Amino acid sequence: MPISLGELATRFGCELDGDPDTRVGQVASLSAAGPGDLGFFTNSRLASQLVATRASAVVARDEDAAAAPCAVLVSDNPYATFARIATLLHPPAPVHPGVHARASVDPDARVAASAEIGPGAVIGAGTVVGERCVVGPGCFVGPDCRLGDDSRLVANVTLARQVTLGERCLVHPGAVIGADGFGNAMTPEGWVKVPQLGGVRIGNDVEIGANTTIDCGALEDTVIGNGVRIDNLVMIAHNVHVGDHTAVAAMTGIAGSSHIGARCMLAGQAGVVGHISICDDVVVSGQGMVSKDITEPGVYASSFPVEPVRDWNRRVARFRRLDNVFDRVTALEKKQS
Amino acid sequence: MPISLGELATRFGCELDGDPDTRVGQVASLSAAGPGDLGFFTNSRLASQLVATRASAVVARDEDAAAAPCAVLVSDNPYATFARIATLLHPPAPVHPGVHARASVDPDARVAASAEIGPGAVIGAGTVVGERCVVGPGCFVGPDCRLGDDSRLVANVTLARQVTLGERCLVHPGAVIGADGFGNAMTPEGWVKVPQLGGVRIGNDVEIGANTTIDCGALEDTVIGNGVRIDNLVMIAHNVHVGDHTAVAAMTGIAGSSHIGARCMLAGQAGVVGHISICDDVVVSGQGMVSKDITEPGVYASSFPVEPVRDWNRRVARFRRLDNVFDRVTALEKKQS
Amino acid sequence: MPISLGELATRFGCELDGDPDTRVGQVASLSAAGPGDLGFFTNSRLASQLVATRASAVVARDEDAAAAPCAVLVSDNPYATFARIATLLHPPAPVHPGVHARASVDPDARVAASAEIGPGAVIGAGTVVGERCVVGPGCFVGPDCRLGDDSRLVANVTLARQVTLGERCLVHPGAVIGADGFGNAMTPEGWVKVPQLGGVRIGNDVEIGANTTIDCGALEDTVIGNGVRIDNLVMIAHNVHVGDHTAVAAMTGIAGSSHIGARCMLAGQAGVVGHISICDDVVVSGQGMVSKDITEPGVYASSFPVEPVRDWNRRVARFRRLDNVFDRVTALEKKQS
Numbered sequence: 003m004p005i006s007l008g009e010l011a012t013r014f015g016c017e018l019d020g021d022p023d024t025r026v027g028q029v030a031s032l033s034a035a036g037p038g039d040l041g042f043f044t045n046s047r048l049a050s051q052l053v054a055t056r057a058s059a060v061v062a063r064d065e066d067a068a069a070a071p072c073a074v075l076v077s078d079n080p081y082a083t084f085a086r087i088a089t090l091l092h093p094p095a096p097v098h099p100g101v102h103a104r105a106s107v108d109p110d111a112r113v114a115a116s117a118e119i120g121p122g123a124v125i126g127a128g129t130v131v132g133e134r135c136v137v138g139p140g141c142f143v144g145p146d147c148r149l150g151d152d153s154r155l156v157a158n159v160t161l162a163r164q165v166t167l168g169e170r171c172l173v174h175p176g177a178v179i180g181a182d183g184f185g186n187a188m189t190p191e192g193w194v195k196v197p198q199l200g201g202v203r204i205g206n207d208v209e210i211g212a213n214t215t216i217d218c219g220a221l222e223d224t225v226i227g228n229g230v231r232i233d234n235l236v237m238i239a240h241n242v243h244v245g246d247h248t249a250v251a252a253m254t255g256i257a258g259s260s261h262i263g264a265r266c267m268l269a270g271q272a273g274v275v276g277h278i279s280i281c282d283d284v285v286v287s288g289q290g291m292v293s294k295d296i297t298e299p300g301v302y303a304s305s306f307p308v309e310p311v312r313d314w315n316r317r318v319a320r321f322r323r324l325d326n327v328f329d330r331v332t333a334l335e336k337k338q339s
Numbered sequence: 003m004p005i006s007l008g009e010l011a012t013r014f015g016c017e018l019d020g021d022p023d024t025r026v027g028q029v030a031s032l033s034a035a036g037p038g039d040l041g042f043f044t045n046s047r048l049a050s051q052l053v054a055t056r057a058s059a060v061v062a063r064d065e066d067a068a069a070a071p072c073a074v075l076v077s078d079n080p081y082a083t084f085a086r087i088a089t090l091l092h093p094p095a096p097v098h099p100g101v102h103a104r105a106s107v108d109p110d111a112r113v114a115a116s117a118e119i120g121p122g123a124v125i126g127a128g129t130v131v132g133e134r135c136v137v138g139p140g141c142f143v144g145p146d147c148r149l150g151d152d153s154r155l156v157a158n159v160t161l162a163r164q165v166t167l168g169e170r171c172l173v174h175p176g177a178v179i180g181a182d183g184f185g186n187a188m189t190p191e192g193w194v195k196v197p198q199l200g201g202v203r204i205g206n207d208v209e210i211g212a213n214t215t216i217d218c219g220a221l222e223d224t225v226i227g228n229g230v231r232i233d234n235l236v237m238i239a240h241n242v243h244v245g246d247h248t249a250v251a252a253m254t255g256i257a258g259s260s261h262i263g264a265r266c267m268l269a270g271q272a273g274v275v276g277h278i279s280i281c282d283d284v285v286v287s288g289q290g291m292v293s294k295d296i297t298e299p300g301v302y303a304s305s306f307p308v309e310p311v312r313d314w315n316r317r318v319a320r321f322r323r324l325d326n327v328f329d330r331v332t333a334l335e336k337k338q339s
Numbered sequence: 003m004p005i006s007l008g009e010l011a012t013r014f015g016c017e018l019d020g021d022p023d024t025r026v027g028q029v030a031s032l033s034a035a036g037p038g039d040l041g042f043f044t045n046s047r048l049a050s051q052l053v054a055t056r057a058s059a060v061v062a063r064d065e066d067a068a069a070a071p072c073a074v075l076v077s078d079n080p081y082a083t084f085a086r087i088a089t090l091l092h093p094p095a096p097v098h099p100g101v102h103a104r105a106s107v108d109p110d111a112r113v114a115a116s117a118e119i120g121p122g123a124v125i126g127a128g129t130v131v132g133e134r135c136v137v138g139p140g141c142f143v144g145p146d147c148r149l150g151d152d153s154r155l156v157a158n159v160t161l162a163r164q165v166t167l168g169e170r171c172l173v174h175p176g177a178v179i180g181a182d183g184f185g186n187a188m189t190p191e192g193w194v195k196v197p198q199l200g201g202v203r204i205g206n207d208v209e210i211g212a213n214t215t216i217d218c219g220a221l222e223d224t225v226i227g228n229g230v231r232i233d234n235l236v237m238i239a240h241n242v243h244v245g246d247h248t249a250v251a252a253m254t255g256i257a258g259s260s261h262i263g264a265r266c267m268l269a270g271q272a273g274v275v276g277h278i279s280i281c282d283d284v285v286v287s288g289q290g291m292v293s294k295d296i297t298e299p300g301v302y303a304s305s306f307p308v309e310p311v312r313d314w315n316r317r318v319a320r321f322r323r324l325d326n327v328f329d330r331v332t333a334l335e336k337k338q339s
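As given, the protein sequences belong to chains C, H and P, one line each in that order. Anchor point for the first sequence: position 105 equals 107 in our numbering, and the numbering is continuous, going up by one each time. Anchor point for the second sequence: position 198 equals 200 in our numbering, and the numbering is continuous, going up by one each time. Anchor point for the third sequence: position 133 equals 135 in our numbering, and the numbering is continuous, going up by one each time.
Isolated chain C, as found in the complex (with noise of 0.2 Å):
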């Protein structure tokens, strides 16, 4: 269903450079878009897409409107303004309210009537969810959890036991909330498993990537805050808080019981240790290591850029003399005095 430039400019407080009668019906990359298509525009490495953009519209900044060769939605944040469009034009697919006839429900199980259960979908007991959820064919909720309204698990998705979904959340396939920390007791016949009897509290407007796992806490619970993003293939181990919108990107793994801030941005690949404090505002590149608390905002970093593997290996080889130049500069330094 297109829709008028004047129309979105009003419904998100753009200003609108060009005609307000214009309609867009959807959204494309500026070098693919044509007309009825709306584009946006915030990297300068793409300024020669945008002057030859056939798109209906752009968002753009102001001091970017005067290249493009279209109509133009003005926004100070016009990737963000593009996403809240984009979700208009693009909604998620509808809720088919009811129960699939292969799908399992426990009777001790409350599904509301405007919730969609999928094929192969399991509900256990005590587990409640709530109004427009969608569990997606082959998921598996276990006994105890509770989905707030309007969440979302896509597919083959887990929530083993006790696990609190707020309201809003999308869980896309594969992913792993719940299941049993690794709690082990060392002894000299082996290994002792430690119960693990907390759950999962995840909070509202929380996305949660594919093939993602949140452990379940030993004793009390795991929490995720309101608004956090979690990328595909992250470990969120036993009793870790996760603070209010932070994102986690791909691959990157949280130690038990550590805590991170508010509004921190974990990279791909990183790794935070164990019983841990990350403050709020923090921001790990790819593969850094965090391996004590972090108490400033700021970017941190310890990864090492790749290089030819010849170079790579003398740089490692020195490094591994580095004791020897130190030795050797004191002992300069000695005949000096």
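Calculated directly from the structure, the hints in this document are not laboratory data. Because the structure is a prediction, the values reported are computed rather than measured. Mixed in with the good hints there might be a few duds.
Because identical chains share one entry, a pair is satisfied inside a single copy or across any pair of copies.
[What the hints assert, rightly or not] Using 25 Å as the maximum straight-line C-alpha spacing, the simulated SDA-like pairs for lysine to any residue come out as follows: (1) K337 - N326; (2) K337 - D325; (3) K294 - H243; (4) K294 - H261; (5) K294 - F321; (6) K195 - A95; (7) K336 - E169; (8) K336 - F321; (9) K195 - T44; (10) K294 - A187; (11) K195 - H243; (12) K337 - D223.
Once you've looked at the hints, dock chains H and P against the given chain C.
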């Protein structure tokens, strides 16, 4: 069902400092515990919580007993004793024998009458499921597998084919065992797949984490010893051997044909290259990269902790000029001599 | 069905050193092989196994043939020839055409009569499943997907939506293809989700490992070339392009919009940041971090091998004092001049 401290002391070989008739019904953290709860104390940093706990009893070392405001079950290994008592107080969910109407069991499979096969589970030809096993909802157990007595696949677990699981194993959701190893032969026309014909043999009392993958062997089997503990999102490649009672933390990867000894501990995000051996009793710290044989027990490391990115970038630049400082020192030495 | 060495030699273009009427029925490792088995030899470290093998025949290079105590199929690329013969002797499980009674196929999907749809599988609207495809138990194939002829999803695979798979592709359990990319726009109120509207296009003869995730594109498609091999637990983010015949080992992550060339090899746990390009024929070693364009073919590295932790910690301390040694050398140079 609450149990008296006297009975717990007898059963678990603890000295009891307190009233043997006091009963505890559940475990809890020191700070959350109330009357009827059992806590434990091992970490001196939590001493203030011990002093203030409202638990009816705690498990603690002899030297810490005096500080507790409640009864104490005295143990040399309080964490293990606590784990055992917690297992008694909070046993795993009971097994409900029978094959769910929506499960699919191949006519050539053999499932013990005492086993539970959940909705949507599929059991392949030639597979044997032992006494009191649980194959949870959505699990796929392919052909020619064998589950030892009392083993459990929680939900959405895949045993692709030819996987032998010992007794009392516990496999968490999303784990995939017995998928093809990554075997490819290079040719001028591209990769040729090398059929992966081995299986996976897993010992007794093994726990395998959510979304972990353990590939089948190429010609012979991949082998996991007794009492091994594997966390979430771990990768164990074809023909790897993991020794008894070794623990592998989340996101660690072990490449093809490597052998890990007994009682090793691989911390999170560690990597082991292919075709090497690690002896018994080796600890590899987080993000450590093992690229050749380790023949001596001990702790090994190779990761840098994060620093503020400006400091880090300066260090990386220095690192890349290590040749320069070595050369300059050599020049200075020549001049001096 | 055993095959004569004469026939194998003809079919695979090998010279035969031995009796053409000897038959082999299966492949085996040199050490486990017995009469009727075929082994292969490429690794000089296994020379003693070659000499002692009880195999009826081996595939080997001309220069190694003399050492074999059995017939030899001589090949310039013994591993590839062995792989092809092994595929002939151990073909994939046959396809059993038909839709299982417990599968759910949308009325607007089109499934070839020769395809096999397993129990619990779900096929969405607008999806086309080609000839002789296998959609295994528990797989979810969402709307608007296309599976080329002879492609197989083993079990519990998810194609979320709008995924095009070429011919003869093999997708292992737990893989998730076409889930939303990680697109979020920051605002003062928190993250705004950027709808992910692209799909995933995958070429012919691609193999995708267990629990790997390949996200759909944001506006345009994520693209995987022909003959690509992807191992387990790999992350391929939105709008990545992977060139033909590239191999990506386990736990490697490629961030959004990066382009990987043809015939590259990314070893385990490697990371590629977003929005960069890697040219053809690049090898990145294990745990390597690629943070900017690579324009020259070659081998690249950036990981340190483990050392005993005491040595490692001393080196890290030295590393952190690199400024100091540079400064001291400069001071010495000044004094000398």
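Hint-by-hint comparison with the structure:
Taking the shortest Cα distances, K337 and N326 sit within 25 Å of each other both inside one copy (17 Å) and across copies (19 Å). Taking the shortest Cα distances, K337 and D325 sit within 25 Å of each other both inside one copy (18 Å) and across copies (22 Å). In this assembly of identical chains, the alpha carbons of K294 and H243 lie at most 25 Å apart only when taken from the same copy (16 Å versus 33 Å across copies). Within a single copy, K294 and H261 get their C-alpha atoms as close as 11 Å, which meets the 25 Å cut-off; across copies the closest is 31 Å, which misses it.
In this homomeric assembly, K294 and F321 come within 25 Å of each other (Cα to Cα) both inside a single copy, at 24 Å, and across copies, at 18 Å. Taking the closest pair of Cα atoms, K195 and A95 come within 25 Å of each other only across two copies (15 Å); inside a single copy the shortest separation is 43 Å, beyond that limit. Taking the closest pair of Cα atoms, K336 and E169 never come within 25 Å of each other, the shortest separation being 69 Å inside a single copy and 67 Å across copies. Taking CA atoms no more than 25 Å apart as the test, K336 paired with F321 passes in both settings, with 24 Å inside one copy and 22 Å between copies.
With identical chains, the CA atoms of K195 and T44 are at most 25 Å apart between copies only, with a shortest distance of 17 Å across copies and 52 Å within one. Taking CA atoms no more than 25 Å apart as the test, K294 paired with A187 passes inside one copy only; the shortest distance there is 23 Å, against 30 Å between copies. In this homomeric assembly, K195 and H243 come within 25 Å of each other (Cα to Cα) both inside a single copy, at 23 Å, and across copies, at 22 Å. When the C-alpha separation of K337 and D223 is checked against a cutoff of 25 Å, the pair qualifies neither within a copy, at 62 Å, nor between copies, at 63 Å.
This entry does not satisfy hints 7, 12, going by the numbered hints stated previously.
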